[in-house]
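Undergrad: Add chains B, G and C to chain E, keeping to what the hints say.
Given next are the chains, with one letter for each unit.
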Amino acid sequence: MKTRSALLLGSLSAALVAFALTSPRVVAADKIDPVADAKAFQNFFFKKFPNVKHEDFVNGPYSMNADLKRQWQEKEEFPPYEFALDAGKEMFATPFKNGKTYADCFPDGGIGIRQNYPYFDTKEGKVVTLELALNRCREANGEAPYSYVKDEMASLTAYMAYTSRGKPMDIKIPDDPRALEAFENGKRYFYTRRGQLNFSCASCHVQSPGERIRAETLAPALGILNAMPIYRSEWSGMGTISRRFATCNSQTRAVPLEPQSDEYRDVEYFLSYVANGLPISGPGARP
Amino acid sequence: MASSIRVRATSNGDITEVQALIQHPMDTGLVKDPKGELIPAHYIQQLKFECNGKDVFVADWGTAVSKDPYVKFSFKGAKKGDELKISWTDNQGASDTTTAKIA
Amino acid sequence: MTTTTGPLATRRLILQGAASVALLGLGNLPFTASPARAAANDKYPEEAFRQKNEADAIKALYGKTAEPSDKVRLDAPEIAENGGVVPVSVTTTLDKVSSISFFVAENPYALAASYKLAEGAIPAVANRLKMAKTTKLVAIVEADGKLYSASKEVKVTVGGCGG
Amino acid sequence: MKRTLALAMLLALGLVATARAANEADYKAAYTAAEAASKQAAGLRNQWTVTVSTLTAAKKAADGGDFDRATAAAKEAEALAKASIFQATSEKDAWKAMEIR
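Chains as they are written, first to last, in the UniProt record's numbering: chain E, 1 to 287; chain B, 1 to 103; chain G, 1 to 163; chain C, 1 to 101.
Next up, chain E with everything else stripped away, as it sits in the complex:
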C-alpha cells in the first residue's frame, strides 16, 4: 500500500506541474471577484468539452460518456430514487407534533426553491445550506434533527429538489465582506490538496473529468451539486451533499470533517454559485 501511494504522489505532482504551466494567465487574485471566477470556471469547462451542451453538465459522468448515459436513461424510466422521493413528499406534508409543517419554515411553502440554496445569512454571517435549514426547521418546531448523511434528510432534499427540477441555479452573494470571504474559503477548500493521496476536489473534477477511476467516470465540477441528492448504486441508497463530501474525503484518506462544518458549507456555496444558470436536476441517480 505504501509504495502505491508514494507512486501516486509522484505521478500526480508531475501532472500538477504540467497543469500549472498550461493554466490560463495567472493574476494576483487578491480582490475576491465571484462574477469573474464563475465566468472563468464555466468557460474552462465549455472550452474543455465543446460538444457537451451547457445544461448537460449537470448530469455529471453521463455528460462525459455515451454508454454510461444510455444505462442511466434506461434507469431514469423508473429511477431507484422513486421511493426516497415518495417518502420525502409524505414527510414534507406530515405535520410536526406542534401541528406545523416544513412549509411554514420556507418561502413559497418550500416548493420550487431549492435553486436558491445555499444562501448567505447576513444575520448569522454564515452560509446556510438546505440540509441545515431543514434541521433548523425541525428543531424550531420541537423535533429532533435528522442525521445529515442518512435517508430521512436525503428524502426531504430529494422532494425539494424535485419541485425545482429544470429551474436554473440562482445563488446570490450579498454585498457583504463576510459573504465574499465565505465564497473564497469555499474556493480555497475546493483547490486544496488533502489526504495521503494528496488530491484536491479539482485534481479529479477539474483535471480529469470524463476519465475513469476504476469503474467510475469522473464528473465535471461544473454543476456537480445540481443533481443532489443522488441515489448511488455504489451505496445502493440515497446520498446527501454531506455524505458525498465525507466519502470523497475518506477516498483520498483525509479524515472527513463534521457534516455542515463551515468548510463544507462554504465549498457548497462556491460550487453552487459557479453553476448559476445551469438547471437543477435533482434527485439524481449515479453509479
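These are calculated hints, taken from the structure and not from any lab test.
This one's a predicted model, so the numbers in the text were calculated from it and none came from an experiment.
A couple of the hints might just be wrong.
Just so you have them, the derived chain E footprint on chain C, three or more residues with Cβ under 8 Å [unchecked claim]:
| id | region |
| --- | --- |
| 1 | 21-33 |
| 2 | 63-71 |
Now the in silico label distances, taken between C-beta atoms and shown as ranges [to be verified]:
| id | chain 1 | residue 1 | chain 2 | residue 2 | range |
| --- | --- | --- | --- | --- | --- |
| 3 | E | Glu-55 | B | Glu-83 | 37 to 45 Å |
| 4 | B | Arg-8 | G | Glu-153 | 26 to 34 Å |
| 5 | E | Lys-97 | B | Pro-40 | 54 to 62 Å |
| 6 | G | Glu-47 | E | Gly-277 | 57 to 65 Å |
| 7 | G | Gly-145 | B | Glu-83 | 29 to 37 Å |
| 8 | B | Lys-101 | C | Arg-45 | 34 to 42 Å |
| 9 | G | Lys-71 | C | Ala-97 | 34 to 42 Å |
| 10 | E | Lys-47 | B | Gly-36 | 29 to 37 Å |
| 11 | B | Ile-15 | E | Val-35 | 52 to 60 Å |
| 12 | B | Thr-99 | E | Lys-100 | 57 to 65 Å |
| 13 | C | Ala-33 | E | Asp-30 | 16 to 24 Å |
| 14 | E | Ile-111 | G | Lys-152 | 25 to 33 Å |
We put the CB at the ideal spot given by N, CA and C, even for glycine.
TA: Just chains B, G and C now, kept in the frame of chain E:
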C-alpha cells in the same frame, strides 16, 4: 405505508407495457454487516402478474437480482382499464400484493 | 455487489475454487439425467438456483442444452456502471416463446432470473442484475420447446480511487 | 517537484526502525510524540485516515506487549501526521496554482 410495489402499465390499444419497481433489500446472504456477521439471505423468489384472472408473466428470481428490483415486459390481450394484479413472495415467507389499472 | 474486500473476498474465491473442483466430479454425470419438468410449471426452480455454474443451471432448469442463435438479442453494458445494478434486457424474433432466463457465469450461483411467459406475452424482458465481477452473461430463450442462447461479456470492477 | 520530494523524504525518515529491541519506554516516548503531531494535524483540520489507523495499530500492538511493532507503528504515525501538517502548511498558497482564473 404505500405498497412496496410501484407499477406503471400503459396500453397502446393492442400491447400493454408493464414496468414494476419493488422496494426490497434482495440480500444475497453472502455479505457481512459492519459488525462482521453475515446478513441472512432475504430475496424475492417469485413475482406474479395476473390480468383478467390468468397469469400473464411470472418471474422466478435468485439472489443476483438487484436491490429494489425492476422489471419491464409487455403482453397482448388486455385493454385500457383492465386490472393488473401484482404479487410477490420472498424466501422468508413475506409477501405483498397490489393492483394497477392499465392506463 | 457491495464491495467486500478483505476476508470475505478471499472466502468467495475459496468458494468458487471449491465449486469448480466439485464440478469436475460432476462432469461425467450421465447425460440422460431425468430432464426437469418443462419450465412452464408454477414451482420455484429451487434446484436450478442452487447450481454454481451456468451449464448445470441450464440443465437443472430446462433439462436440455441451448444453441446460440442470432435471433436472440441480448443487451447489456460493456462496462457495468456498478456491479450491483446492471441493466440487462433481451428481445427475440422467435415465436411461441414460453421462457426467458439470465445466467451470470461468474456469480456464486449462475442462474440470476427466469421468466415464464404466458400466451400473448411479448418475448422480451428488461431487468437489473448483480454481477460479482467481470463475467460472461448468458440469456436463454425457450421457444417451441427448443433452447436458443446469446451471451456477452460485461466488465465489472469497483469504483473510487482509494479509501 | 521540490515540495513532494520533501514530503517523501520526511515520510522515509520516520520509518527508520531502531536497531535494538524497543521496550515500553521507547514505545511511550514514540506514542506521545505521534499523538502530539496527530493532534496538531487535527487542529489544522487536515488529519489523514492512515495516521489515525496507524496510531490505533500502535496502541493495539503495545497492549499485546509487542513493543517492537508498537514503536515502529507509533513512529510511522508520527511521520504521517508530520506529512499531513507539511501538506496543510504548504497548501496554504500552493492551491492557487490549480485555480481556474
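Undergrad: Look at each hint and say if it fits the structure.
TA: Evaluation of the provided hints:
| no. | hint | in the structure |
| --- | --- | --- |
| 1 | 21-33 | violated (count 0) |
| 2 | 63-71 | violated (count 0) |
| 3 | E:Glu-55 / B:Glu-83: 37 to 45 Å | 40 Å, holds |
| 4 | B:Arg-8 / G:Glu-153: 26 to 34 Å | 32 Å, holds |
| 5 | E:Lys-97 / B:Pro-40: 54 to 62 Å | 36 Å, violated |
| 6 | G:Glu-47 / E:Gly-277: 57 to 65 Å | 59 Å, holds |
| 7 | G:Gly-145 / B:Glu-83: 29 to 37 Å | 32 Å, holds |
| 8 | B:Lys-101 / C:Arg-45: 34 to 42 Å | 56 Å, violated |
| 9 | G:Lys-71 / C:Ala-97: 34 to 42 Å | 59 Å, violated |
| 10 | E:Lys-47 / B:Gly-36: 29 to 37 Å | 50 Å, violated |
| 11 | B:Ile-15 / E:Val-35: 52 to 60 Å | 54 Å, holds |
| 12 | B:Thr-99 / E:Lys-100: 57 to 65 Å | 36 Å, violated |
| 13 | C:Ala-33 / E:Asp-30: 16 to 24 Å | 39 Å, violated |
| 14 | E:Ile-111 / G:Lys-152: 25 to 33 Å | 45 Å, violated |
Hint compliance for this structure: hints 1, 2, 5, 8, 9, 10, 12, 13 and 14 are broken, all remaining hints hold.
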